[in-house]
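In order, the protein sequences belong to chains A and F. Take 1 as the starting number for the first sequence in my numbering and just add one per residue. Take 1 as the starting number for the second sequence in my numbering and just add one per residue.
Calculated directly from the structure, the hints in this document are not laboratory data. Everything numeric in this text was worked out from a predicted model, so none of it was measured. One should not assume that every hint holds.
Said to hold, decoys possible - The list that follows gives simulated cross-link-like pairs (lysine to any residue, SDA-like), each with its CA atoms no further than 25 Å apart: (1) K108(A) to Q200(F); (2) K108(A) to S59(F); (3) K28(F) to E196(F); (4) K296(F) to G256(F); (5) K70(F) to F179(A); (6) K70(F) to I262(A); (7) K15(F) to F179(A); (8) K36(A) to D120(F); (9) K103(A) to R44(A).
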Amino acid sequence: MNPRLVIAREGIDLMHEGHFKRELRGIYAVWWREFKIFQREKSRVVASVVQPLLWLFLFGSGVGASFSVGGVNYRDYIYPGILSMSVLFGSVFFGLYIIWDRKIDVLKAVLVAPVSRVSIFFGKVLGGCTDIIIQVLILFAFSFLFPAVNLWGIPLALGILLITAIAMVSLGLAIGSLFESLEGFQLVATFVVFPLFFLSGALFPVDERLPIWLQGAVKLNPLTYTVDGVRYALLGLNNFPLYVDIGIIVVFALLMIIMGSILFSRMK
Amino acid sequence: MAIIETRALAKSYGKIQAVRGIDLSIEKGEIFGLLGPNGAGKTTTIGMLCTILRPSSGSASIAGYDIVNKPAEVRRNVGIVFQDLTLDTILTGIENLELHARLYGIPSVIRKARIEEMLDLVDLKDRAHDITRTYSGGMRRRLELVRGLLHRPAVLFLDEPTLGLDPQTRARIWDYIKKMAENEGITVVLTTHYMEEAEQVCDRVGIIDYGRIIALGTPEELKDSLGGYMVVMRVNDPPLDTLRGLPYVSGVALNGGMVEITMKEAHLHLPDLLSRIRNVESVETRAPTLNDVFIKLTGRDIREEYTEDTGGWVESAARYRQRGN
Ligand SMILES: Nc1ncnc2c1ncn2[C@@H]1O[C@H](COP(=O)(O)OP(=O)(O)O)[C@@H](O)[C@H]1O
Ligand SMILES: [Mg+2]
Numbered sequence: 001m002n003p004r005l006v007i008a009r010e011g012i013d014l015m016h017e018g019h020f021k022r023e024l025r026g027i028y029a030v031w032w033r034e035f036k037i038f039q040r041e042k043s044r045v046v047a048s049v050v051q052p053l054l055w056l057f058l059f060g061s062g063v064g065a066s067f068s069v070g071g072v073n074y075r076d077y078i079y080p081g082i083l084s085m086s087v088l089f090g091s092v093f094f095g096l097y098i099i100w101d102r103k104i105d106v107l108k109a110v111l112v113a114p115v116s117r118v119s120i121f122f123g124k125v126l127g128g129c130t131d132i133i134i135q136v137l138i139l140f141a142f143s144f145l146f147p148a149v150n151l152w153g154i155p156l157a158l159g160i161l162l163i164t165a166i167a168m169v170s171l172g173l174a175i176g177s178l179f180e181s182l183e184g185f186q187l188v189a190t191f192v193v194f195p196l197f198f199l200s201g202a203l204f205p206v207d208e209r210l211p212i213w214l215q216g217a218v219k220l221n222p223l224t225y226t227v228d229g230v231r232y233a234l235l236g237l238n239n240f241p242l243y244v245d246i247g248i249i250v251v252f253a254l255l256m257i258i259m260g261s262i263l264f265s266r267m268k
Numbered sequence: 001m002a003i004i005e006t007r008a009l010a011k012s013y014g015k016i017q018a019v020r021g022i023d024l025s026i027e028k029g030e031i032f033g034l035l036g037p038n039g040a041g042k043t044t045t046i047g048m049l050c051t052i053l054r055p056s057s058g059s060a061s062i063a064g065y066d067i068v069n070k071p072a073e074v075r076r077n078v079g080i081v082f083q084d085l086t087l088d089t090i091l092t093g094i095e096n097l098e099l100h101a102r103l104y105g106i107p108s109v110i111r112k113a114r115i116e117e118m119l120d121l122v123d124l125k126d127r128a129h130d131i132t133r134t135y136s137g138g139m140r141r142r143l144e145l146v147r148g149l150l151h152r153p154a155v156l157f158l159d160e161p162t163l164g165l166d167p168q169t170r171a172r173i174w175d176y177i178k179k180m181a182e183n184e185g186i187t188v189v190l191t192t193h194y195m196e197e198a199e200q201v202c203d204r205v206g207i208i209d210y211g212r213i214i215a216l217g218t219p220e221e222l223k224d225s226l227g228g229y230m231v232v233m234r235v236n237d238p239p240l241d242t243l244r245g246l247p248y249v250s251g252v253a254l255n256g257g258m259v260e261i262t263m264k265e266a267h268l269h270l271p272d273l274l275s276r277i278r279n280v281e282s283v284e285t286r287a288p289t290l291n292d293v294f295i296k297l298t299g300r301d302i303r304e305e306y307t308e309d310t311g312g313w314v315e316s317a318a319r320y321r322q323r324g325n
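Just chain A, same shape as in the assembly (with noise of 0.2 Å):
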């Protein structure tokens, strides 16, 4: 058949179509670009892995040395730690890049599709989710070096990981949007990135011998239920009760995709 036939009647059908499945399919569009994107940049999954065994290594090893918390290697308890901190990084500079999207223009043909700012957004959330959990995946696969932890405890690891995943992709779009230059990056790595890494417990345990400031900056932190969470699926050590972690990871979860999708949405 004549495919401009074929094509004028599937026109008529698509002015037809249902609005939600016309924004599932701009979710999947938005999503399947993120992907073939990571694909393409093999360099980039390598130094996300790299970077954090070596942090357990180096850092690990060298502290680890010395001392073990709750009868756990240090190393091994660091583990759930850098885990978190691979997910924090990796997601907000993930969606941070939209920031550089929109000064190369790449979004602006996006932009004008006719699919709504919301679909565009989760597109970008699942694309960023994809990456970390691919990245994550690796990681656990070296879980074997680290003889305390629980195997079978992974799969909730994961899913805390992936919820995790979601908030900080979210609130690295929503700053992103704010941003216009690339100064933004530091900005944001200065007082948003690194805070909440040093601030979670990830490197050390959360008690009373921390000092008072320093106990209530942690537990103002939601990455610390995402680090005492997956600590507690990996080495059964934890500060909170694991609903409270989830509890509190699933809210900020849902706080950060209302924000971001609004201020994704306004962004200019």
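On the provided structure of chain A, position chain F with the ligands as indicated by the hints.
Same frame as chain A, but now just chain F with the ligands:
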């Protein structure tokens, strides 16, 4: 009803009135050119028609859909090629088209054939699987042209489609644009400041200056409105006032050491004209161009006005490394 209708369409950015009330009616199948100097409001006008920008006042419709109330329908019916290049330079040519096809919901059964047809149209088939970062400026433009066409829009907007390209590549791009318009039978609205090029491609043009349409018609109509021929002379110390006083002279302009005189029936009056000027170094007659129309209407030369914003363009070319790796 015309495929594009605008009524007093206007846009302000704070105190800057970028577009000050445009009334246009563009018929299906036309190639319409919006011509004007840098900052005239061309990009802003197109932005409103594509629903990227919200008008400050006035209204417009495309294919019967109001641009404010029915943005999704308008978007489905328009294709746009932006002034700045917007390809995903980390994706291949074919992937760029595939992304677009998915965003516009072109069904998978016809997606592949349609993409091939488009790549063929602009002779990019053998480079289809290369990452677009490796494309030349002209190739990127061509890919953008067909990306805008892929979903068979009723109207294709081209914002400065030849900006920043060398003259030979520009000529080729215009050929492709004409071919596309013919093949697809769509309406094309383009902006440019290359007046001579627009003349050859456009069925009708609107000249825009300071956010207003100051002339509208076919290129012939606009040129005829000047009343006659152009006589261009190199003269030392031209007697401008005398020349302006002559009954058959309808316009006198100085342009980089040359005197440009618009006159009726040059073949009859040229001897008389020459007899009144001393020190004529050279004389040449030519048919008027759209640029002459612009000079007549505004007293300015668009070619000099156009401090070509290569700054932006060179910068965007330099930015063609994605994600700062
Ligand atoms: N986002 C903006 N904010 C403020 N002024 C703008 C903006 N975009 C365009 N303008 C101004 O509006 C006028 C028209 O711009 P534009 O439509 O880009 O012109 P053209 O495309 O004809 O060169 C210019 O004076 C420009 O400086
Ligand atoms: Mg412009």
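Verification of the supplied hints:
The suggested pairing of K108(A) with Q200(F) is violated, with an alpha-carbon distance near 30 Å, which exceeds 25 Å. Distance hint between K108(A) and S59(F) is fulfilled; the C-alpha atoms sit about 23 Å from each other, no more than 25 Å. In summary, the hint linking K28(F) to E196(F) is supported, as the alpha carbons are separated by about 24 Å, within the 25 Å threshold. Taking the CA atoms of K296(F) and G256(F), the gap is about 16 Å. The hint holds against a cut of 25 Å.
For the given pair, K70(F) sits about 29 Å from F179(A) by alpha-carbon distance, which is inconsistent with the 25 Å threshold. Taking the CA atoms of K70(F) and I262(A), the gap is about 21 Å. The hint holds against a cut of 25 Å. At most 25 Å may separate the alpha-carbon atoms for a hinted pair to count; K15(F) and F179(A) meet this at roughly 24 Å. With a CA separation close to 24 Å, the supplied pair K36(A) and D120(F) stays within the 25 Å bound.
Only pairs whose Cα atoms come within 25 Å are accepted, and K103(A) paired with R44(A) is accepted, the gap being roughly 20 Å.
Checked against the numbered hints above, the structure breaks hints 1 and 5 and satisfies the rest.
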